[in-house]
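Peer 1: Spelled out, the chains give:
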Amino acid sequence: MKLSIQVNEGPYQHQATDSAYNFTKAAIEAGHEIFRVFFYHDGVNNGTRYTTPPQDDRNIVDRWSELSAEHDLDLVLCVAAAQRRGLVDEGEQERNKKDGNNIAPGFRISGLGQLIEAGIQSDRLVVFGD
Amino acid sequence: MKLSIQVNEGPYQHQATDSAYNFTKAAIEAGHEIFRVFFYHDGVNNGTRYTTPPQDDRNIVDRWSELSAEHDLDLVLCVAAAQRRGLVDEGEQERNKKDGNNIAPGFRISGLGQLIEAGIQSDRLVVFGD
Amino acid sequence: MSVTKKFLYVNRRAPYGTIYAWESLEVVLIGAAFEQDVALAFVDDGVYQLAKGQDTKGIGMKNFSPTYSALGDYDINKIYVEKESLEARGLTLEDLQHLVWEDEDEDWAEKDSIQVVTSAELADLMEQQDVVLSF
Amino acid sequence: MSVTKKFLYVNRRAPYGTIYAWESLEVVLIGAAFEQDVALAFVDDGVYQLAKGQDTKGIGMKNFSPTYSALGDYDINKIYVEKESLEARGLTLEDLQHLVWEDEDEDWAEKDSIQVVTSAELADLMEQQDVVLSF
Amino acid sequence: MSMLHTVNKSPFEKDSMNSCLRLSADGSSILLIEDGVFAAQEGTVVSDSVKEAMKSKKVYALQEDINARGVQGKVMDGIELVDYAGFVKLVTEHDKVQSWV
Amino acid sequence: MSMLHTVNKSPFEKDSMNSCLRLSADGSSILLIEDGVFAAQEGTVVSDSVKEAMKSKKVYALQEDINARGVQGKVMDGIELVDYAGFVKLVTEHDKVQSWV
Chain S
1 MKLSIQVNEG PYQHQATDSA YNFTKAAIEA GHEIFRVFFY HDGVNNGTRY TTPPQDDRNI
61 VDRWSELSAE HDLDLVLCVA AAQRRGLVDE GEQERNKKDG NNIAPGFRIS GLGQLIEAGI
121 QSDRLVVFGD
Chain H
1 MKLSIQVNEG PYQHQATDSA YNFTKAAIEA GHEIFRVFFY HDGVNNGTRY TTPPQDDRNI
61 VDRWSELSAE HDLDLVLCVA AAQRRGLVDE GEQERNKKDG NNIAPGFRIS GLGQLIEAGI
121 QSDRLVVFGD
Chain U
1 MSVTKKFLYV NRRAPYGTIY AWESLEVVLI GAAFEQDVAL AFVDDGVYQL AKGQDTKGIG
61 MKNFSPTYSA LGDYDINKIY VEKESLEARG LTLEDLQHLV WEDEDEDWAE KDSIQVVTSA
121 ELADLMEQQD VVLSF
Chain W
1 MSVTKKFLYV NRRAPYGTIY AWESLEVVLI GAAFEQDVAL AFVDDGVYQL AKGQDTKGIG
61 MKNFSPTYSA LGDYDINKIY VEKESLEARG LTLEDLQHLV WEDEDEDWAE KDSIQVVTSA
121 ELADLMEQQD VVLSF
Chain L
1 MSMLHTVNKS PFEKDSMNSC LRLSADGSSI LLIEDGVFAA QEGTVVSDSV KEAMKSKKVY
61 ALQEDINARG VQGKVMDGIE LVDYAGFVKL VTEHDKVQSW V
Chain V
1 MSMLHTVNKS PFEKDSMNSC LRLSADGSSI LLIEDGVFAA QEGTVVSDSV KEAMKSKKVY
61 ALQEDINARG VQGKVMDGIE LVDYAGFVKL VTEHDKVQSW V
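Protein chains in written order, with our numbering: chain S, 1 to 130; chain H, 1 to 130; chain U, 1 to 135; chain W, 1 to 135; chain L, 1 to 101; chain V, 1 to 101.
In silico DSS-like pairs for lysine-lysine, Cα to Cα no more than 27 Å straight-line: (1) W:K83 - W:K52; (2) U:K6 - S:K2; (3) H:K98 - W:K62; (4) V:K89 - S:K25; (5) U:K52 - L:K51; (6) U:K111 - U:K5; (7) W:K78 - W:K62; (8) V:K51 - U:K83; (9) U:K57 - L:K74; (10) V:K74 - V:K89; (11) L:K58 - H:K25; (12) V:K74 - W:K52; (13) L:K89 - W:K5; (14) W:K62 - V:K74; (15) V:K74 - W:K57; (16) H:K25 - U:K57; (17) U:K62 - S:K98; (18) U:K62 - S:K97; (19) S:K25 - W:K57; (20) U:K57 - L:K89; (21) W:K5 - L:K57; (22) V:K57 - V:K89; (23) U:K83 - V:K57; (24) W:K62 - H:K97; (25) V:K74 - V:K55; (26) V:K51 - W:K52; (27) L:K89 - H:K2; (28) S:K97 - H:K97; (29) U:K6 - V:K89; (30) L:K51 - L:K74.
No wet-lab data here; the hints were simulated from the structure.
Nothing here was measured: the structure is a model prediction, and the numbers come from that model.
With the rest of the complex left out, here is chain S:
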C-alpha cells in the first residue's frame, strides 16, 4: 500500500516526529511504499543539519536523513513554513539573500501542493502533531 506521513512538530520538543519516524520505519519493514513524508508547521525544524543532541540521546535529524538514504524517502519541508522558521536550502538562500543554508541531507523544500498531491496519490495519509 502507498502511504504518506505528515509531521507538524519539530525535533525533541514533541514526540510527534519520533512517532512518525517509528511508524514510517515499521511501514517500510511491512513492505509498504512511502510516497512522501511532508513536514509542516514547526515540523520543518526536523530538517536542520545544525543539531547536536547530547551523545546519549537519539539524533532525530540524522535518523530521518539515514532512512531517506536507505529507502529513497522523499522528505519535503513546506516552503512557507520553512521561510517563517528559518529553514534554508541553496535555492532559498539565493532567493532570500541569506549568507548560508542549514538543510540536512535527504530533505528538500517545496510547496504545499506536495501535501495535497500526497493526499491524492497515497492510499493513506497519517498525521503526527501536537
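The hints should help you fit chains H, U, W, L and V onto chain S, whose structure is shown.
Peer 2: Leaving out everything else, chains H, U, W, L and V in the frame of chain S:
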C-alpha cells in the same frame, strides 16, 4: 523594577514570543529595567537569522534584535536547548564542527545558569510558553 | 492527476494563540487549485476562527479572518460548524461571519456556505471523506 | 551572589510526549549549584514523571526517570505531589518511585523526599515562594 | 499583594485554567492572556466556575487578546480589562508571577 | 472497515480525546498513542467514558507508549495493545485515518 522574561516557544507557531515581546516593550516603556530575556525549549528558535516571513507579516526575529539594539537587551538562548534544535553561534560552530552558524544579531548562547541567575537577580520573572 | 478525492479540513483551534488556523487556511487555498471535493469543518475552539469583529492591531499580528469570505470564490462552499461546539462557547451563527457562494447552476444565486451540524451529523460526514487533515 | 530565594519548579506534564519534564529536570540539576532554597511540585500529568517502571526502549528515547532518585544527593528533598492529581489518575504513592534523602543533622538518617499534599496545601506553599518556574 | 497567575490557554482546550483555579490561593489574582481570554466570556460552559472563583480572586483579561478573537462584546461583569501596560503594572504590583503554561 | 482515529494527547490535559469520542461514528476504531495512552488506564476520572465508548467502538493503545509511561499494569480490559507494526496494520485495514492532533 528589575524584570526577566522567559520564552519557551519558537516564532510563529505559538503566540508566546509575541506576548513576551509586547510585554517586554511595555515594561521598557514603563521605565523598568529588563535584566534578561531567556529563551528555553523551542524558544531558542527565535534566535535564527535565517527567517524570511511573508512581507505582510511581522518579523519576529528582527523585532527582538532591534529591541536589543535599542535598549541593550540581553537575549540568551539556552545552549542545551539550542544544540538539540540547531541554533548555532560562532563558538558552537567551532565546538560542534558545523559548517556555519545561524544566530541573529543581539542574541547569545549560554548555559541554564543564566536562567537561575535571572531568577535570583530580578524582582520578577515572567514566563511565556505553550 | 484525474483522481478526485473528498478532502476534509478539520479546524479545532482558536486563531492567533497558535498558527494552526492560518496555516490550515494556506493549505485550503493552495489545495483549491487541485480541483478536489473540499469541505471544511470547524469544531471545538476552531469555531472562533469564523468569529466576527476580530481586531488584531493590539497584538501586532495579521488579521486573516477576511480571507474566509474569499473561500466561496475558490468554490469552497461546504463549511460545517458543529452545533455543540458553538453552544459550549455561548455562540450562535449570528456571532460568525456570513459566508456565501454563488451557484452558477442557478444563475449565480447567492447561497450560504456555513451549515450548522450536530456532532452525530458531523461524525457521519467524516466517515464519507477520503482524506482528513486536522489542524 | 549571596541572595537566597525560594524556587519552586511546577511540573505539570507527562514525560516523553513532550520534552518539558526532561528540560525542567535539567534546570533543577543546574540550579542546584546556586544554593537556593529549592522545592519541586508535581501536579496534573506531572505526577506521571515519577511513575515506577518506565521503559522507553520501544520509543527510542532516553529513560530519564532514574535521575529523580539522584535529587536527594543534590539536597533537593522537598518534593510535593498533589493528592487530587494522583486520585484523578487512579494512582497512589505506591505507583511512584520511592525518593529519599539523607539528613546530615540526624546522622545521615534516610528520609522520604516526597510529600503528598492537598490542592489547598499546595496553593499555600506556592504563595510562600519567591520564584515559580512552570513546565 | 500576593501572587499573580497568568493563564494563556483556552479553558475548553486545556486543563490549565482549571488547575489555576484549583491551586491559586484566595486573594490572589488571575490574568487571562492569549487563548486564555475565552475564560472571560459570558455564557459558556466554564463561566460558572470562573464566577465562583471571582468570589475570592480577582480576574483580569488582556484587552488586546480579547479584541483579536472578536469576543469584545461578551466579557462577563466583574472581569477587569487591562492592556500590556496594565499587564506590566499587575506584575510589579504582585509579589511574584506564576504562568500556567 | 471504516475510520481509524488516533489520539495522542492526555485526556486529563487536552480536549482531543473527548472530541474524538463525540465525533467518531459507531463502528470506528480509536488508537491511543503518545500521552493519549493514559485514556487506556483503569480507575481514572475518564475510564467510564472510555468504557462507554467501547460499547460501540474498538479501542487500541500503543504498547511502546504504554511501557514508556510506566502504566503497563493498569490497562483496562477490552483495550487491545498493538506495537508499531500493529499501528501500520490498523492504518491499512481502515479506509482512512483521522489524527486528533
